[in-house]
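Can you make the complete structure from the sequences, with help from the hints?
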Amino acid sequence: MATNTVPDIDSLLVPTHDEFARQRAVAAIHTHAMLRLRFDCRTAYERNVKPAFEREHGRAPETGAEIAEAIKGDPFYQFYSSIRYNAQEMGPLARQPAVERALPAMIEIAKSAAQSNAAGGSLRLDPDLVVPDYMTEYDVHLAAGSYHSEFVDDDVAQGVLLGRGLSPIAGKGRITKNRNFAGVGQSIAHWLKAKYPAFAPRRMLDMATQSGANLTAYPKAFPGLEAHGIDVAAPGLRYGHAKAEFEDVAIHFSQQDAAHTDFPDGHFDLVVSSFFLHEVPVPVTHQILKEAYRLLAPGGLLVFMELPPHKACDAFMNFAYDWDTEHNNEPFYRDYRSQDPTELVVAAGFPRDSALELTIPDITSFDMDRYPAFLKGEIEAPPHGRGGWFIFGARKPG
Amino acid sequence: MTEANGAAGAPLAGGRVLPRVIKGKRSQFFDDPTMDQMMTFFMELMTEVMVLRDRQDTLERMLEEKGGISRAELRDLIPPPEVEAERAADRAAFVERVLRLHEPVGEPAPRHDA
Ligand SMILES: C[S@@+](CC[C@H](N)C(=O)[O-])C[C@H]1O[C@@H](n2cnc3c(N)ncnc32)[C@H](O)[C@@H]1O
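Note that the protein sequences, when read in sequence, are chains R and U. Counting in my numbering, the first sequence runs from 75 upward without gaps. Counting in my numbering, the second sequence runs from 534 upward without gaps.
Keep in mind that the hints were calculated from the coordinates and are not lab data. As the structure is a prediction and not an experimental result, all values here were calculated from the model. Be a bit skeptical, because a hint or two may be false.
As the list claims (entries may be wrong) - Partial pick of chain U residues on the chain R-facing surface, computed with a CB cut under 8 Å:
1) V550
2) L551
3) K556
4) F563
5) R608
6) L610
7) I611
8) E615
9) V616
10) R624
11) V628
12) R630
13) L632
14) R633
Unchecked claim - Taking lysine to any residue pairs in the SDA-like style, the calculated list, with each CA pair at most 20 Å apart, reads:
15) R:K146 <-> R:N402
16) U:K556 <-> R:V306
17) U:K556 <-> R:E404
18) R:K267 <-> R:Y445
19) R:K385 <-> R:F406
20) R:K185 <-> U:K558
21) U:K558 <-> R:P297
22) U:K558 <-> R:H401
23) U:K556 <-> R:K385
24) U:K558 <-> R:L167
25) R:K146 <-> U:Q561
26) U:K558 <-> R:K385
27) U:K556 <-> R:L167
28) U:K556 <-> R:A142
29) R:K146 <-> U:K599
30) R:K146 <-> U:Q589
31) U:K556 <-> R:K146
32) U:K599 <-> U:Q589
Ideal Cβ positions, reconstructed from N, Cα and C, are used throughout, including at glycine.
Take a look at the structure:
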């Protein structure tokens, strides 16, 4: 790394004793809501809500939406929701002061990284790009400013704030052992190599890469792979570029809408994405998948990590997942999950028999001695979000 | 592209530039919205109690290890991983105690985070 002069942009984020404590406290409440109260809600549902619904309708609720309506007045549900909502809201609030203090210096690092491109990557921004309405009308995930807002010139703040889930700014501590949001790229790359040993992608694209947290794993796993990441939001691209340059990973970031990019037809052997489609309207999902089809070379692979669809979960799980639709400023969440991933890729032009849907282990927490058994189909991956990740995809004929 | 509520092009001295208010309708979970507001007060207070617990723990450790404290050192001190691990367990137990909900009651709820 002798030529690499880009400093570690993250090292500038230095919370005070109390800010750090506050971030951890908020994360502790959020974890309690997600891992304990959310599932205790099932007990409240089975005991109180479901019998009342059955008395009234002569049957049990059949969909998550029905449960969401029936459970509204249940006090346990109300407290669970309120606790979770407040913890979600307090996350960014607890992190903002340290980001604000570091901002001028972070911007300087990002600017110099964009000039030196010491690792061989690049950053291409488009000041004329129109950020879609569904991003500007409300702040997704209850984070003020969302992904795209810029408050100062060359801003990186929203990229830093939202690129880290609820994890605190300093220290490597994650919320829980098995929910490593940045483990998705590593897990898919590992699975691809194991599943398709002959697959040697030359060029890849990560759609809605935010700050590339799940992109850098691919060029590391496939040496020589030319890696591109696009997003409509500039702050995350600037921040991600500086981080990648510091890590000495060449990534080409560009500010583009995934529904219509400026790359030529058949440009990529691999198109991936993670935590993306549930945040866009379903018609846009269709456009994005069509664009992915256009961008893939013959024989190229599409692999998207996403939420498991309704069809893969029981009514209660669907209710528990779809809470975000009304309460986390993610209005397309339920509609997205009501889609069948296989039908989505078929509608985009992929052959039905190439469609895949499965849950793969998160390799940052999985016992890798058991990976061969997973590949042979002898054991299942842990559930999505709790040690596994749901993926779907397809292959372009070639 | 810079948003209107920001200080576009203004010299940045590390001051307050990010918005604290969220765009979009806030969820109301209780029949009476004052209850939603009370919950926010309560969650903020609960968080601050946890911050104070960490501070107290830091003070005790400083006193034990050094026989005295330094306020400047305290302000910036980030706990080493082994201390943070102890505190994480303490926080989880604290949250569990304080958020003692009346329902569901009876048999312990199944744990899904194993
Ligand atoms: C949850 S984040 C993605 C996280 C990232 N893929 C990862 O795994 O770390 C969702 C991202 O989608 C981006 N986005 C939304 N609509 C988009 C579009 N039409 N084209 C490109 N990016 C978009 C947002 O700016 C945001 O960065």
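Verification of the supplied hints:
no. : hint              : in the structure
1   : V550              : 5 Å, holds
2   : L551              : 5 Å, holds
3   : K556              : 5 Å, holds
4   : F563              : 6 Å, holds
5   : R608              : 5 Å, holds
6   : L610              : 5 Å, holds
7   : I611              : 5 Å, holds
8   : E615              : 12 Å, violated
9   : V616              : 11 Å, violated
10  : R624              : 4 Å, holds
11  : V628              : 5 Å, holds
12  : R630              : 11 Å, violated
13  : L632              : 6 Å, holds
14  : R633              : 11 Å, violated
15  : R:K146 <-> R:N402 : 16 Å, holds
16  : U:K556 <-> R:V306 : 19 Å, holds
17  : U:K556 <-> R:E404 : 12 Å, holds
18  : R:K267 <-> R:Y445 : 12 Å, holds
19  : R:K385 <-> R:F406 : 17 Å, holds
20  : R:K185 <-> U:K558 : 36 Å, violated
21  : U:K558 <-> R:P297 : 47 Å, violated
22  : U:K558 <-> R:H401 : 9 Å, holds
23  : U:K556 <-> R:K385 : 32 Å, violated
24  : U:K558 <-> R:L167 : 18 Å, holds
25  : R:K146 <-> U:Q561 : 10 Å, holds
26  : U:K558 <-> R:K385 : 30 Å, violated
27  : U:K556 <-> R:L167 : 14 Å, holds
28  : U:K556 <-> R:A142 : 24 Å, violated
29  : R:K146 <-> U:K599 : 54 Å, violated
30  : R:K146 <-> U:Q589 : 40 Å, violated
31  : U:K556 <-> R:K146 : 24 Å, violated
32  : U:K599 <-> U:Q589 : 15 Å, holds
This entry does not satisfy hints 8, 9, 12, 14, 20, 21, 23, 26, 28, 29, 30 and 31, going by the numbered hints stated previously.
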